[in-house]
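Protein chains: 2
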Amino acid sequence: MAQKPSIPKGTRDFGPVETVRRNFIFDTIKKVFHRYGYQPIETPAMENLSTLLGKYGEEGDKLLFRVLNSGDFMAGYPAASEVPDPANLLPFISEKGLRYDLTVPFARFVVQNRNDITFPFKRYQIQPVWRADRPQKGRYREFFQCDADVIGSDSLLNEAELVMLVDEVFSALGINIVVKINNRKILAGIASYIGYPESLIDITIAIDKLDKIGLDAVNQELMLKGIPADAVSKLQPVLNMQGDSVAKIQNLRQIIGNNETGNTGLDEINTLFGFLEQMKPTMPYELDLTLARGLNYYTGAIFEVKALDVQMGSICGGGRYDDLTGVFGMPGVSGVGISFGADRIYDVMAEKQLFPETTAGSTFVLFLNFGADEVAYCIPSIALVRKAGINAELYPDADKLKKQFKYADQKLIPYVVIAGETEISAKVFTVRNMKSGSQQNVPVHEIVEFLQDIAEQTE
Amino acid sequence: MAQKPSIPKGTRDFGPVETVRRNFIFDTIKKVFHRYGYQPIETPAMENLSTLLGKYGEEGDKLLFRVLNSGDFMAGYPAASEVPDPANLLPFISEKGLRYDLTVPFARFVVQNRNDITFPFKRYQIQPVWRADRPQKGRYREFFQCDADVIGSDSLLNEAELVMLVDEVFSALGINIVVKINNRKILAGIASYIGYPESLIDITIAIDKLDKIGLDAVNQELMLKGIPADAVSKLQPVLNMQGDSVAKIQNLRQIIGNNETGNTGLDEINTLFGFLEQMKPTMPYELDLTLARGLNYYTGAIFEVKALDVQMGSICGGGRYDDLTGVFGMPGVSGVGISFGADRIYDVMAEKQLFPETTAGSTFVLFLNFGADEVAYCIPSIALVRKAGINAELYPDADKLKKQFKYADQKLIPYVVIAGETEISAKVFTVRNMKSGSQQNVPVHEIVEFLQDIAEQTE
Numbered sequence: 002m003a004q005k006p007s008i009p010k011g012t013r014d015f016g017p018v019e020t021v022r023r024n025f026i027f028d029t030i031k032k033v034f035h036r037y038g039y040q041p042i043e044t045p046a047m048e049n050l051s052t053l054l055g056k057y058g059e060e061g062d063k064l065l066f067r068v069l070n071s072g073d074f075m076a077g078y079p080a081a082s083e084v085p086d087p088a089n090l091l092p093f094i095s096e097k098g099l100r101y102d103l104t105v106p107f108a109r110f111v112v113q114n115r116n117d118i119t120f121p122f123k124r125y126q127i128q129p130v131w132r133a134d135r136p137q138k139g140r141y142r143e144f145f146q147c148d149a150d151v152i153g154s155d156s157l158l159n160e161a162e163l164v165m166l167v168d169e170v171f172s173a174l175g176i177n178i179v180v181k182i183n184n185r186k187i188l189a190g191i192a193s194y195i196g197y198p199e200s201l202i203d204i205t206i207a208i209d210k211l212d213k214i215g216l217d218a219v220n221q222e223l224m225l226k227g228i229p230a231d232a233v234s235k236l237q238p239v240l241n242m243q244g245d246s247v248a249k250i251q252n253l254r255q256i257i258g259n260n261e262t263g264n265t266g267l268d269e270i271n272t273l274f275g276f277l278e279q280m281k282p283t284m285p286y287e288l289d290l291t292l293a294r295g296l297n298y299y300t301g302a303i304f305e306v307k308a309l310d311v312q313m314g315s316i317c318g319g320g321r322y323d324d325l326t327g328v329f330g331m332p333g334v335s336g337v338g339i340s341f342g343a344d345r346i347y348d349v350m351a352e353k354q355l356f357p358e359t360t361a362g363s364t365f366v367l368f369l370n371f372g373a374d375e376v377a378y379c380i381p382s383i384a385l386v387r388k389a390g391i392n393a394e395l396y397p398d399a400d401k402l403k404k405q406f407k408y409a410d411q412k413l414i415p416y417v418v419i420a421g422e423t424e425i426s427a428k429v430f431t432v433r434n435m436k437s438g439s440q441q442n443v444p445v446h447e448i449v450e451f452l453q454d455i456a457e458q459t460e
Numbered sequence: 002m003a004q005k006p007s008i009p010k011g012t013r014d015f016g017p018v019e020t021v022r023r024n025f026i027f028d029t030i031k032k033v034f035h036r037y038g039y040q041p042i043e044t045p046a047m048e049n050l051s052t053l054l055g056k057y058g059e060e061g062d063k064l065l066f067r068v069l070n071s072g073d074f075m076a077g078y079p080a081a082s083e084v085p086d087p088a089n090l091l092p093f094i095s096e097k098g099l100r101y102d103l104t105v106p107f108a109r110f111v112v113q114n115r116n117d118i119t120f121p122f123k124r125y126q127i128q129p130v131w132r133a134d135r136p137q138k139g140r141y142r143e144f145f146q147c148d149a150d151v152i153g154s155d156s157l158l159n160e161a162e163l164v165m166l167v168d169e170v171f172s173a174l175g176i177n178i179v180v181k182i183n184n185r186k187i188l189a190g191i192a193s194y195i196g197y198p199e200s201l202i203d204i205t206i207a208i209d210k211l212d213k214i215g216l217d218a219v220n221q222e223l224m225l226k227g228i229p230a231d232a233v234s235k236l237q238p239v240l241n242m243q244g245d246s247v248a249k250i251q252n253l254r255q256i257i258g259n260n261e262t263g264n265t266g267l268d269e270i271n272t273l274f275g276f277l278e279q280m281k282p283t284m285p286y287e288l289d290l291t292l293a294r295g296l297n298y299y300t301g302a303i304f305e306v307k308a309l310d311v312q313m314g315s316i317c318g319g320g321r322y323d324d325l326t327g328v329f330g331m332p333g334v335s336g337v338g339i340s341f342g343a344d345r346i347y348d349v350m351a352e353k354q355l356f357p358e359t360t361a362g363s364t365f366v367l368f369l370n371f372g373a374d375e376v377a378y379c380i381p382s383i384a385l386v387r388k389a390g391i392n393a394e395l396y397p398d399a400d401k402l403k404k405q406f407k408y409a410d411q412k413l414i415p416y417v418v419i420a421g422e423t424e425i426s427a428k429v430f431t432v433r434n435m436k437s438g439s440q441q442n443v444p445v446h447e448i449v450e451f452l453q454d455i456a457e458q459t460e
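Residue numbers (my numbering), protein chains in the order written: chain A, 2 to 460; chain B, 2 to 460.
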């Protein structure tokens with residue numbers, strides 16, 4: 002009967018330590034979302050395939066996890082002769098899929114609930130998504146996304162407030178970051194200026210590789226993509242541009258200032274940077290033309306957040322999109338959003354040892370169990386300690402003390418209360434600091450206050 | 002292109018109001034879990050079918066949502082001639098299923114991580130589960146379970162502390178409850194005493210119907226199940242038993258006291274009630290022999306929580322089980338657990354209007370937007386207000402005031418800050434109470450303190 006249990010590849014269990022730490026990240030982000038007026042929604046794990054298919058490109062369609070119709074799943078299948086060609090079978094046996102991201106379900110939610118929603122609609126959503134990607138280090142088949150979007154407002158104040166929100170999240174987590182900002186319209190202006198507007202994506206992908214492969218290789222790649230040498234040479238001032246964001250914007254204005262789209266992009270960046278100057282984020286931010294994230298999707302601002310002092314890709318990113326809900330029959334809804342990469346943030350915090358030693362979720366004090374009488378002596382105090390907001394445990398069995406202390410050790414419980422015969426006759430508790438090993442007698446009626454005091458000091 | 006979007010039947014979207022309220026319930030429960038030393042874990046939504054199949058009975062197997070193998074899902078299929086018999090096809094095209102409850106994944110987790118776990122292991126888990134049940138009012142295909150279990154300890158202190166935990170959760174939520182307690186060993190003792198130990202389940206199912214169908218119908222049903230009249234008549238003192246829990250226990254001791262199992266059950270109940278007398282829960286608790294919940298599963302204590310003053314089934318339940326992990330090759334692990342029914346708790350709280358009007362997640366103040374200069378005037382104060390821990394929004398567009406006020410109204414934002422030309426020249430803000438309509442001028446440098454004061458008063 003016995004099976005050797007395992008979990009599907011690419012999925013993970015999270016034990017207590019990891020879950021507490023992950024919740025610390027999510028709770029911090031949620032608190033800041035609330036601070037900026039974002040409200041949570043939740044959508045089902047399963048969506049109709051008609052909602053999901055065709056939204057993520059051909060590759061995305063392949064990576065959807067499809068759920069078999071329940072009951073007699075072959076019931077809808079028309080003719081035995083057509084089996085077993087999967088292409089024939091699939092539409093008949095599966096009508097639902099697991100959500101692939103939070104954006105498409107959000108768009109579907111907005112369209113479905115358009116009459117009940119107050120616009121501008123600021124929502125956040127923290128839920129798992131599933132992708133049948135080949136599992137590898139840092140890439141999972143189930144992972145959480147953590148998105149905030151505001152839709153139904155074109156104001157660049159939204160972009161500026163999102164940068165502030167990002168700034169506040171990472172300040173609270175203790176991660177030093179730089180916020181990189183770009184604008185698709187500037188990139189479009191550049192592509193237009195060199196005479197190859199249709200090559201926007203190729204150009205930005207090439208620019209994106211500048212840091213990794215160097216200028217020569219980028220130029221070569223551009224020519225391989227069919228952009229002639231004279232156009233590539235027109236691009237050189239952009240690729241070679243130095244200086245801070247303000248200088249770059251001025252430079253670009255001279256280079257692509259005649260292009261309407263490019264100019265609009267520069268205006269937008271200018272306005273955004275103007276707001277940020279007033280809002281004063283604590284972390285650095287900069288214009289980064291090599292930022293080409295999600296270009297087939299974003300239409301205005303593009304954000305990316307990199308952790309400083311750590312080798313790690315982007316830990317947060319987002320941008321403005323012009324038509325979130327059009328595919329579901331509700332055109333003209335513009336929005337801007339940001340997505341936090343929980344797994345990478347976790348890795349950065351683990352590497353830099355940024356997780357707090359104790360969190361709101363940990364047990365602060367363990368009452369040892371010496372038997373029925375001693376337990377009876379402890380019970381009223383445990384109730385009062387808990388009532389005072391302190392997380393407390395009573396060890397359930399009168400096990401050997403060594404085992405009970407080991408329990409406290411392994412659960413990282415900082416204080417242990419001992420109540421044996423001696424303590425009972427003296428009407429005290431012995432409180433042991435598990436780290437230092439020091440012990441102290443505390444009268445029964447003072448135990449709550451005593452623990453409260455040290456709990457406050459540890460905070 | 003446009004599709005009319007919808008979600009799979011039996012699933013739900015949760016909008017902002019519902020999500021905030023659901024989170025209020027989950028956060029309250031989590032806080033109490035932490036207070037009693039339970040630590041969170043999370044397991045993947047998908048489990049291997051080998052983990053899930055055969056754990057929920059034949060009916061349960063049918064209700065599993067199965068996930069199609071990704072990629073070429075027909076690749077493993079052996080011979081075209083055997084298609085399309087679903088019984089043949091299924092094992093080849095699907096190896097994973099969505100989790101059906103949290104108990105089996107927990108058991109799998111414990112066995113897989115046995116060497117890293119400190120026993121007794123107190124864990125909680127709040128995650129969605131999926132069942133392909135026929136959807137109906139109050140029954141969904143995706144719903145959250147909210148479980149706490151302690152395993153690796155036989156002490157009845159665990160049962161007592163779980164009752165206290167339940168008491169504290171419902172006190173915090175403001176729901177009046179009664180905790181009904183039974184013990185399978187008592188029921189086994191009763192079945193044994195009338196000479197039909199093998200009819201334990203039939204007898205308890207019949208007893209369970211006592212309230213609904215009355216004594217005569219119960220007796221009839223017992224006889225229909227093959228229990229002869231003299232055995233049924235031996236059962237009458239049990240069915241007719243009156244009085245409080247203590248009286249019932251004494252009565253039962255006289256009736257079934259010679260039966261070893263029954264006696265053990267009565268001892269356990271006695272010990273548990275003894276602990277509870279010391280621990281003093283605020284809500285009532287009682288022995289209820291008609292409690293037959295999960296009898297094919299629980300081996301000792303059985304709990305069920307009913308809300309008072311509301312027509313609603315059980316909102317929480319649990320019990321002790323002797324062999325959680327045996328099926329995965331780790332025998333002899335005893336545990337006791339409790340599960341909160343989030344959907345029903347939500348319904349009780351909605352019916353009794355127990356949700357707080359504002360929660361930690363709501364926006365407290367909206368700064369209106371009169372244009373660029375006015376926004377610039379507001380920005381530094383908004384930053385300070387947020388830094389003071391107050392949830393604040395800046396309306397992103399210089400829309401008509403009517404629209405901005407409507408936004409505050411619909412989002413239930415209690416205060417609005419107005420800063421037009423007049424306010425700027427006087428270096429004040431006008432703060433409007435959205436409920437009363439009253440307005441007040443507040444100097445710019447006092448706005449944080451002012452809002453903090455009213456925020457504290459509203460708490």
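Mixed in with the good hints there might be a few duds.
When chains are identical, the list treats them as one kind, so a pair holds in a single copy or across two.
Stated by the list, open to error - Result set (BS3-like, lysine-lysine): computed pairs, CA atoms no more than 27 Å apart in a straight line: (1) K56 with K235; (2) K10 with K63; (3) K388 with K32; (4) K235 with K249; (5) K353 with K307; (6) K307 with K428; (7) K403 with K353; (8) K10 with K235; (9) K307 with K226; (10) K213 with K10; (11) K56 with K10.
What the hints contain is simulated information worked out from the structure, not anything from laboratory work.
Now for the hints, and whether the structure bears them out:
For the homomeric pair K56 and K235, neither the shortest alpha-carbon distance inside one copy (36 Å) nor that between copies (68 Å) is at most 27 Å. Within a single copy, K10 and K63 get their C-alpha atoms as close as 17 Å, and across copies as close as 24 Å, so both meet the 27 Å cut-off. In the homo-oligomer, the alpha carbons of K388 and K32 lie at most 27 Å apart both inside one protomer (25 Å) and across protomers (12 Å), since each shortest distance falls under that limit. Proximity of K235 and K249 under a CA criterion of 27 Å is satisfied intra-copy only: 16 Å inside one chain copy versus 94 Å between copies.
For the homomeric pair K353 and K307, the shortest alpha-carbon distance inside one copy (14 Å) is at most 27 Å, but the shortest distance between copies (48 Å) is not. Taking CA atoms no more than 27 Å apart as the test, K307 paired with K428 passes in neither setting, with 57 Å inside one copy and 39 Å between copies. Taking CA atoms no more than 27 Å apart as the test, K403 paired with K353 passes in neither setting, with 34 Å inside one copy and 49 Å between copies. For the identical chains of this complex, K10 and K235 are neighbours neither inside a copy (49 Å) nor across copies (57 Å), given an alpha-carbon limit of 27 Å.
Proximity of K307 and K226 under a CA criterion of 27 Å is satisfied in neither setting, with 29 Å inside one chain copy and 70 Å between copies. In this homomeric assembly, K213 and K10 never come within 27 Å of each other (Cα to Cα): the closest approach is 31 Å inside a single copy and 49 Å across copies. Proximity of K56 and K10 under a CA criterion of 27 Å is satisfied in both settings, with 25 Å inside one chain copy and 22 Å between copies.
Of the numbered hints stated above, those contradicted by the structure are hints 1, 6, 7, 8, 9, 10, listed in ascending order.
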